[in-house]
Amino acid sequence: MMPALDMALRLAACLLLAPLLPGIINRVKSWVAGRRGPPVLQLYYDLAKLWRKGVVLSTAVSPGHVAGPAVAWVALAVASLLLPLGPAGAPLAFPGDALLFVYLLALARFCTASAAMDAGSAFEGMGVVREVSYAVINEAAIIAALLTLGVQTGSVSLSVMLAPPAAGAGAALLAAGLFGVLLAENCRVPFDDPNTHLELTMIHEAMVLDHSGPPLAAILHGAALKLLLFAVLLAKTVLALTSLSWLATMGALGASVLVIVVLVGLVESLLARLAFRRVPLLLATSFLLCVFALLVAWKGGRL
Amino acid sequence: MTPGDLLLISLAGMVGGLLAHRSPRRWLAATLVGAGAALGAAVWTLAGGGVWDWQPDFRLGGELVHLHLDGLSALFLALLSVLGAAGSVYAGEYWPDRRHPISAPVGRVWWNGLLLFMGLVLVSANGLHFLIAWEIYTVCAYFLITQERRKPAVRQAGWLYLAASHFGTLCLFAFFALLAVHTGGWDLKPMRDHPELAPLFWLALAGFGLKAGIFPLHIWLPSAHANAPSHVSAIMSGVTIKMGIYGLMRFSGWLPTPAAAGWVVAALGVESAVLGVVFALGQHDLKRLLAYHSVENIGIILIGLGFAMIASAHGQPGWGRLALAGALLHVWNHGLFKALLFLGAGSVLHATGTREMSRLGGLWRAMPWTAGLFTLGAMAIAGLPPLNGFVSEWLVFLGLFGALPAHPAALPAAGHDPASWAAATAAILLGLTGALALACFVKVCGVVFLGLPRSEAARQVHECGWRMRAPMLLLGALCAGIGLAPVLFWPAVACASAVWEPAWLADAPAPAPLLALGAFHLALAALATLAASALWHRVKRNGLARAGTWDCGYAAPTARMQYTAGSFAGTITSWFDWILRPHRHSHLPRDPFPAQASYEEHTPETVLEHVVQPAGAGVMWVSNLVRGLQHGRLQAYLFYLLLGLAGLIVLALMGGGK
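Keeping their order, the protein sequence lines are chains A and B.
Mind the numbering: the first sequence is residues 1 to 303 in my numbering, read in order.
Mind the numbering: the second sequence is residues 1 to 658 in my numbering, read in order.
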């Protein structure tokens with residue numbers, strides 16, 4: 001019974017903590033701008049309200065409009081079970097789970113994108129096109145990052161791949177590359193601006209225009225969960241956590257996730273969103289950073 | 001019953017169906033019996049791991065008949081019989097005698113011929129009989145493709161197919177003839193101990209690769225698949241092009257291969273996978289798009305096969321087995337989901353009369369079964385868990401990751417294996433292919449089935465009947481089945497890979513991760529269903545209102561404002577302009593009150609347009625020059641004779657009468 005309990009506890013922790021991250025980002029942004037800003041727990045209030053609200057469905061949509069967000073949310077939730085948390089490892093670990101992790105993110109993308117196409121809106125189409133197009137380069141970058149970890153550890157399981165920290169220059173390159181992927185995959189500045197009010201310039205927010213009520217809650221919670229997954233993945237690639245006790249590990253992991261989230265907030269405050277024609281260049285840069293990390297790993301971590 | 005008996009029943013069923021082609025019912029019954037018996041023989045071989053070998057004292061064309069069914073051929077035979085049966089049931093409603101009084105019965109003759117002779121290719125172990133069966137099924141496929149030969153586009157596609165296929169057959173003819181010269185007989189068997197046969201592999205690669213549709217040998221494939229009736233497209237894409245893969249696997253397993261062969265196959269695989277899906281993104285004809293995805297998936301199979309060949313040459317059974325298992329399982333998977341997608345596309349074509357995606361939209365309302373099953377196939381081909389496409393791509397990925405150097409930090413001095421460099425590149429590009437395929441199928445599902453109808457044709461549609469739906473349901477169930485319980489299908493794959501490389505044992509247990517993956521897939525599917533129904537109940541409880549799609553305050557949205565196939569893919573295709581070379585015709589809006597504006601983009605078959613056609617034009621130009629010599633003037637002909645004679649005399653004198 002213990003593994004099942006362990007799994008349930010971790011899943012619950014991930015699901016409960018995820019909505020905190022966007023709140024922290026907003027808090028950082030308002031702090032930099034000198035505003036009071038929304039409460040840190042704002043997303044929890046929003047989710048609770050949306051869960052209780054009624055739904056307005058477009059006359060064009062199919063049942064997939066509701067099923068899509070649900071399946072995407074499940075894909076992200078089970079993906080969180082593949083991420084190892086320090087010495088305790090991951091609740092589910094087997095060789096090849098790293099690739100399953102990547103493809104679960106792809107499943108979530110397919111479901112949200114199809115649900116957005118469902119409404120037949122030009123704006124949502126625009127968001128979907130950007131989402132699936134930019135994901136092409138991101139996917140290549142993530143595979144390159146996984147190859148880097150695979151070369152370092154000789155494994156294809158996240159529990160082993162993320163156990164020892166990357167060393168030196170390789171770790172810096174990999175962290176920079178993965179940070180770029182994190183920003184792009186979670187639709188943050190400079191790739192997308194979650195706060196703009198102009199649908200023409202959005203990606204993620206444009207895709208959810210026709211969602212409301214509980215399905216919108218599932219999408220927003222899923223997005224927060226995805227941010228948490230990427231933050232943990234990034235923290236684990238650079239952090240040495242093997243020698244610490246359980247409590248210290250959790251503390252270190254939490255602190256590094258916090259640092260990453262604050263960084264995201266600072267980037268968002270200090271940079272403007274890129275013009276869309278420049279986005280692929282920046283994505284390609286993070287892909288190249290991951291490839292350089294791979295080359296460094298190949299040389300045994302020495303430049 | 002032995003496989004021999006079953007294959008005899010299968011032969012009887014196919015020939016019986018051929019004779020009874022006038023009566024659709026009797027034809028269907030006989031063909032289904034034939035397919036079922038062949039499936040039985042294939043399952044017997046795959047499950048038992050046995051080999052059925054039959055050499056009667058009977059000559060055909062001067063050669064002794066030799067039939068041989070082992071794990072590798074049984075794997076393809078199983079796919080052939082499942083898709084053959086599905087296509088036979090589908091054809092009854094899709095291509096009925098009512099609407100096609102002439103071509104339907106004749107088509108049934110060619111259909112049975114196609115199935116029968118593909119089966120014979122799979123079991124014949126004599127080079128001459130292999131070639132004869134190969135040629136006959138190629139011709140049968142030509143007549144099936146051109147069933148609507150009143151249309152010029154169909155005739156053109158058929159001609160291109162026939163010409164390209166014969167170029168391939170020519171290579172195979174040379175291959176088998178040289179093989180017979182070297183070995184002293186047409187009999188085929190494992191001959192790895194004859195290293196002098198290795199260079200013949202290149203001929204096999206050209207001939208079989210053309211049939212398989214490796215980029216850039218795929219020129220015939222898109223138009224042939226698009227213009228054939230949909231059940232024919234399904235079998236062409238599901239099995240016929242796999243015969244090329246069968247040939248490559250069969251002869252890379254039986255014959256020695258040159259040292260570079262694995263590298264070349266893997267490189268061709270990577271390039272076919274990426275470029276196939278890029279070309280697919282540029283298409284707006286539904287069936288043409290699916291055809292380009294065949295090029296992509298053939299590429300994925302070849303990546304697995306190529307790395308298995310490298311592993312076999314370097315003595316690396318660990319990851320080589322995984323790559324090969326991925327390739328073999330992908331043969332099945334691609335056959336299943338691509339046939340499902342083509343049958344779904346056929347159902348759309350049947351209901352709307354158009355393959356142009358930008359005229360469709362919102363079909364899910366009238367065609368919920370087709371839409372649901374097509375989406376299932378789309379998720380499978382995009383390699384999404386928990387479906388079958390992911391399982392085989394995952395095995396190929398595991399093979400590639402296995403080829404990485406283990407702990408290079410521990411062995412910094414050791415020279416790096418080139419295989420690991422190649423594997424890393426291939427893994428990145430395979431990931432890229434997966435993301436591109438996902439983008440492409442979001443586009444297809446979104447534009448064809450979701451949103452609002454873009455034309456009158458898409459508004460007045462009907463769901464297909466049960467005879468078209470049942471085969472799709474069967475294929476969809478198999479796609480889900482392989483995804484949810486991959487371990488059940490492992491023995492078949494292990495059996496086939498042991499035939500390819502006898503050093504890799506057949507009775508090796510399924511890799512433990514596969515078991516874990518299957519369990520994970522089951523849990524994922526259960527949780528997804530649960531979450532979707534829970535969310536739906538919540539939505540209903542909270543109250544549901546209907547309103548128009550939100551268009552940011554614009555008061556008169558129309559269906560034409562939706563994203564179309566071309567605009568959807570525009571971002572990605574613009575990155576690949578260098579190879580796609582699309583034709584663009586734009587008439588941009590001018591003046592403050594523009595009267596009209598239009599934009600048209602069309603992605604041609606670039607290799608055909610920029611390589612094959614210029615080459616053909618060059619040949620025609622040279623031929624035209626030579627034609628000037630023949631003009632009907634007798635004096636000049638006599639002069640040629642004189643010149644020729646003089647030339648011969650000079651030659652004889654110079655040669656010194658040797």
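Worth double-checking, as some hints may not be accurate.
[Said to hold, decoys possible] Which bits of chain A does chain B cover? Going by a derived footprint, with three or more residues having C-beta under 8 Å, they are:
id: 1; segment: 34 to 43
id: 2; segment: 114 to 128
[To be verified] To give a feel for the contact side, a few chain A residues facing chain B, derived at Cβ under 7 Å:
id: 3; residue: Ala60
id: 4; residue: Val132
id: 5; residue: Asn195
id: 6; residue: Ser269
id: 7; residue: Phe292
[Said to hold, decoys possible] Okay, the calculated bits of chain B under chain A, using three or more residues with CB under 8 Å as the criterion:
id: 8; segment: 420 to 429
id: 9; segment: 450 to 459
id: 10; segment: 535 to 549
id: 11; segment: 588 to 596
No wet-lab data here; the hints were simulated from the structure.
For every residue, glycine included, the Cβ atom is placed at its ideal position computed from N, Cα and C.
Inset, instruction - Quick one: which hint numbers does this structure break? Sort them smallest to largest. - result: 1, 5, 6, 7 and 11
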